[in-house]
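*Asks:* Just need the whole structure built from these sequences, with the hints factored in.
So the protein sequences, as listed, match chains A and B.
The first sequence maps to residues 592 to 1001 in the numbering used here.
The second sequence maps to residues 592 to 1001 in the numbering used here.
Possibly wrong hints are sitting among the right ones.
For identical chains, the list gives no copy identity; a pair is met inside one copy or between any two copies.
[Stated by the list, open to error] With a cut-off of at most 25 Å between alpha-carbon atoms, the simulated DMTMM-like pairs for lysine to aspartate or glutamate come out as follows:
(1) K682 / D830
(2) K701 / E678
(3) K682 / D646
(4) K650 / D606
(5) K650 / E720
(6) K756 / E839
(7) K618 / E825
(8) K682 / D696
(9) K782 / D767
(10) K962 / E986
(11) K682 / D733
The hints are simulated quantities; they were obtained by calculation from the structure and are not laboratory data.
Next come the chains, spelled out residue by residue.
There are 2 protein chains.
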Amino acid sequence: MSRIVMKFGGTSVADLDRIRNVARRVKREVDAGNEVAVVVSAMSGVTNQLVGYVDSLSKLHDPREYDAVVATGENVTSGLLAIALQELGVKARSWQGWQIPLRTDDAFGKARIEGVDGNLLIERMQAGEVSVVAGFQGIGPDNRIATLGRGGSDTSAVALAAAVKADRCDIYTDVDGVYTTDPRIVPRARKLPRIAYEEMLELASVGAKVLQTRSVELAMKERVRVQVLSSFAEADGGDLPGSLVVDEDEIVEKEIVAGIAYSRDEAKVTIRRVPDRPGIAASIFGPLSDAGVNVDMIVQNTSADGTTDMTFTLSRTDLPRAQVVMEENKEKLGYTEILTDSNVAKISVVGVGMRSHAGVAATMFKTLAAKGINIEVISTSEIKVSVLIGAEYTELAVRALHTAYGLDAA
Amino acid sequence: MSRIVMKFGGTSVADLDRIRNVARRVKREVDAGNEVAVVVSAMSGVTNQLVGYVDSLSKLHDPREYDAVVATGENVTSGLLAIALQELGVKARSWQGWQIPLRTDDAFGKARIEGVDGNLLIERMQAGEVSVVAGFQGIGPDNRIATLGRGGSDTSAVALAAAVKADRCDIYTDVDGVYTTDPRIVPRARKLPRIAYEEMLELASVGAKVLQTRSVELAMKERVRVQVLSSFAEADGGDLPGSLVVDEDEIVEKEIVAGIAYSRDEAKVTIRRVPDRPGIAASIFGPLSDAGVNVDMIVQNTSADGTTDMTFTLSRTDLPRAQVVMEENKEKLGYTEILTDSNVAKISVVGVGMRSHAGVAATMFKTLAAKGINIEVISTSEIKVSVLIGAEYTELAVRALHTAYGLDAA
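*Replies:* Shown next as structure tokens:
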């Protein structure tokens, strides 16, 4: 017997037939003797409709009221799934965030979870009742409903799994697991049976958007074993095995490289001939940070004749804002010109195994060189090597690296 | 300065433009220096959609889950109206039933209000903030959301008005007041500036469906002054005066008859030649009551040869169920046959003034006789005389009585 938290996203509960299908899957886990709690998102489209109402009434809306409106979508789904379960003879009861309670801070609209009381769910599980919890929401200070930001239901599920000390948190989604890279680019990409939290974080944040990043961070912190699996595909009478996101100690046969990620949502900025003096980096990146621009990779060339070139990358949507900030500070910074390039992509090689293996970066550079791909920026971390290249080389680079690291399926 | 609870139904908040319009009306009361709380229904169509979902999943659904799903419609509207008010510069905050709290019993799906804590609303009103409360809902025992049954938002509004000791509860609806009779039948029907609770109850329950009956009962019990007015029609820059439902002591110039009501949703059952023995009425109406059939008028003929004819009326939709019950008990009751007639209507003359005036019933009978209308059943109460007639005479009877009691507009 295991204790499991199952989470179903918006497309998995998009209509009544799919809700019935979800009920059938939950029943299967119950019939297998497991203790089960379920977390659901709003039926797909509903949240967008509610957000549309709020935006139409007021551009600068009160986030407390936004939350009160938008959280209702999940309440509907949780009640409907409880009814569908009861109809199958499964004892079930729906719960909203305030009833659990799942407590949050007061950052309404994008609140962070401060604590989850697992007692209600544990008591119900032990009595053989499935709790169906509305995801994406909690209760903030002063008794107001707070939402966790888009995609927050993943985080709800992991937080509840931690609170009830679940053996596993199963996230049902519209992909059937985490792949070594995007199968649309590399048809021979393989599904990873296990992947470490840190790898998942790097893969998620650089393009493989399977789980919300915060949910993986929380799972890592609370050591919740998360399984990503398909809510549509099924193997005879059971779930198709997905990918398990776990502590790296649980991965016996570690690959040196777990996967190749890419992101086309990148832009590069080069500031030419900045006077090379102490504190110059701070005076460039301070104002950017104040303006809410997240800078990713940073490269500073060696100084020549007392000036240097500073290159950094950022999300493409932030580029116009960054340009404004740089123009405003031109005099103070004393640079000669700014060059920008939106026609770039970031390719990352990710794997916890590279901590103990040399040569991963070298293989990457050699492979790209062999294909004639020029590397514009390099950045490395303990478990990742990223390079910035021309966007038109994205597929070529991903395929070549996938083969070079031995990731292609047999 | 007055303290006012304003209530807007589903058609008044049917879309974002109407919600903006409601916000404008609320602002007008605030600008006039009043303390205001607002109660809203779900946007029209929303509750039906949610009920449809529940019914599709399960015919015999768990009422606790039905309530969790269906109550969300009002939550959306309350948040949206709060945002619309803020956009007009009015301080506003939405509240759900459990946040007030408005406590109910455990009759989920059609719960009754057990108590309302007025402190939160009073505190906010005194701080110049408009509270926008989701109607139709409260919090039952064991912390579950409970709904008050269809039309329950009127009752929410009156209960909140009582709890905050409001000077008035304004119910905005799609009619502009309570009329002496249905203006579609009698174009010269007059809007009643004031009407007594008891009269309103009789008029509401016999066809003039302006307010939910329970809300009027509650208003009478708690002595809440209720105003019915149009959410669409406006007089230059202000509300068109509606009808005030008040204690009869507040009505200085009492009319003997306040209005003429009618109902076509009637059926008549006659049980022929029942043995006339003590307890026979109980043995007929007991089983009907057990089957959930509400009997309205009852007439028992004088006994002849040891048997009697028993005639009663009921809602037309209950007729098939009543026939089944009567057939099942035929042997026990010992009657010879059952006659039924769905082609009947009930016409009622209502007025608190008739307590102190004789001759109201006589005028009714004389008026109907002069038009050649046969009376099939008669029933009277302190403030009402009702007759059952052939359905085809409905309009003729209502018009003739309206004139006979001097109700026609000049």
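*Asks:* Determine for every hint whether it applies to the structure shown.
*Replies:* To see whether the hints hold, each was checked on the structure:
1. K682 / D830: within (22 Å within a copy, 51 Å between copies)
2. K701 / E678: between (35 Å within a copy, 22 Å between copies)
3. K682 / D646: between (39 Å within a copy, 18 Å between copies)
4. K650 / D606: between (30 Å within a copy, 18 Å between copies)
5. K650 / E720: between (43 Å within a copy, 21 Å between copies)
6. K756 / E839: Cα proximity of K756 and E839: one copy only (19 Å, versus 63 Å across).
7. K618 / E825: within (15 Å within a copy, 56 Å between copies)
8. K682 / D696: Between copies only: 23 Å across, 33 Å inside.
9. K782 / D767: Within one copy, since 8 Å is at most 25 Å while 66 Å is not.
10. K962 / E986: Intra 12 Å, inter 90 Å, cutoff 25 Å: intra-copy only.
11. K682 / D733: between (33 Å within a copy, 17 Å between copies)
Consistency with the previously given hints is maintained throughout, with no hint failing.
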